[in-house]
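*Asks:* Sequence:
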Amino acid sequence: MPELGAPVRVSPLIKFGRWSFLTVGIAYGAYHQSRLSKKAAKEREIENKAKAIRDAKLAEEKKLAQAAEIKMLEDMSQSKKKFLEKSLKMPELGAPVRVSPLIKFGRWSFLTVGIAYGAYHQSRLSKKAAKEREIENKAKAIRDAKLAEEKKLAQAAEIKMLEDMSQSKK
Numbered sequence: 004m005p006e007l008g009a010p011v012r013v014s015p016l017i018k019f020g021r022w023s024f025l026t027v028g029i030a031y032g033a034y035h036q037s038r039l040s041k042k043a044a045k046e047r048e049i050e051n052k053a054k055a056i057r058d059a060k061l062a063e064e065k066k067l068a069q070a071a072e073i074k075m076l077e078d079m080s081q082s083k084k085k086f087l088e089k090s091l092k093m094p095e096l097g098a099p100v101r102v103s104p105l106i107k108f109g110r111w112s113f114l115t116v117g118i119a120y121g122a123y124h125q126s127r128l129s130k131k132a133a134k135e136r137e138i139e140n141k142a143k144a145i146r147d148a149k150l151a152e153e154k155k156l157a158q159a160a161e162i163k164m165l166e167d168m169s170q171s172k173k
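Residue numbering for the sequence shown follows this note's numbering, beginning at 4 and increasing consecutively.
A portion of the hints provided could be inaccurate.
[Unchecked claim] Pairwise CB distance ranges (calculated):
id, residue 1, residue 2, range
1, Ala133, Glu153, 29 to 37 Å
2, Ala133, Lys155, 31 to 39 Å
3, Thr115, Ala144, 42 to 50 Å
4, Leu7, Ala44, 47 to 55 Å
5, Ser103, Lys143, 58 to 66 Å
6, Ala71, Arg38, 30 to 38 Å
7, Gly20, Ala59, 56 to 64 Å
8, Glu139, Lys163, 34 to 42 Å
9, Ile162, Ile138, 32 to 40 Å
10, Phe108, Ile73, 55 to 63 Å
11, Arg146, Ser169, 32 to 40 Å
12, Ala133, Glu95, 48 to 56 Å
If you are wondering where the hints come from, they were derived from the structure by calculation, not from laboratory data. Using N, Cα and C, we set each Cβ at its ideal position, and we do this for glycine too.
Can you build the whole structure from these sequences, using the hints too?
*Replies:* Structure below.
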């Protein structure tokens, strides 16, 4: 590291100027900071008042919207209740009528016969569908076999044609 020479003596006038400018700069900075902070405090105060007014207005609007929604829901539920009361009002039934045992036997017999016929009919329909699927599968197998046979014949014909062409060129 190079050695520095002896420090140079600075003139007292230059020292005074430096210290004066430093002091004036600090004083100006403090004054300017004070002036700007007062201005910012006033702006914040105005913004806070406006925010309070805006928040109160928003709260009132929200309260009115909630009240309107509650009223609408109450109206809907009242109209729904009235509709249900009108549509679901069951007529009063009198005392049960006594039915003869012969009619009861007939009803139960028809019910049993209906269930048995439904089961029989369902089994016939499923057997018919199974036969149709089987026929369709056989037809598909026959079509596939025919296509395979046609491909083999076409390949054989192509091979024969190529052989004929190669022999004719000789």
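*Asks:* Decide, hint by hint, whether the structure agrees.
*Replies:* Hints, verified against the model:
no. : hint                        : result
1   : Ala133 - Glu153: 29 to 37 Å : 31 Å, holds
2   : Ala133 - Lys155: 31 to 39 Å : 33 Å, holds
3   : Thr115 - Ala144: 42 to 50 Å : 44 Å, holds
4   : Leu7 - Ala44: 47 to 55 Å    : 50 Å, holds
5   : Ser103 - Lys143: 58 to 66 Å : 60 Å, holds
6   : Ala71 - Arg38: 30 to 38 Å   : 50 Å, violated
7   : Gly20 - Ala59: 56 to 64 Å   : 58 Å, holds
8   : Glu139 - Lys163: 34 to 42 Å : 36 Å, holds
9   : Ile162 - Ile138: 32 to 40 Å : 36 Å, holds
10  : Phe108 - Ile73: 55 to 63 Å  : 60 Å, holds
11  : Arg146 - Ser169: 32 to 40 Å : 35 Å, holds
12  : Ala133 - Glu95: 48 to 56 Å  : 53 Å, holds
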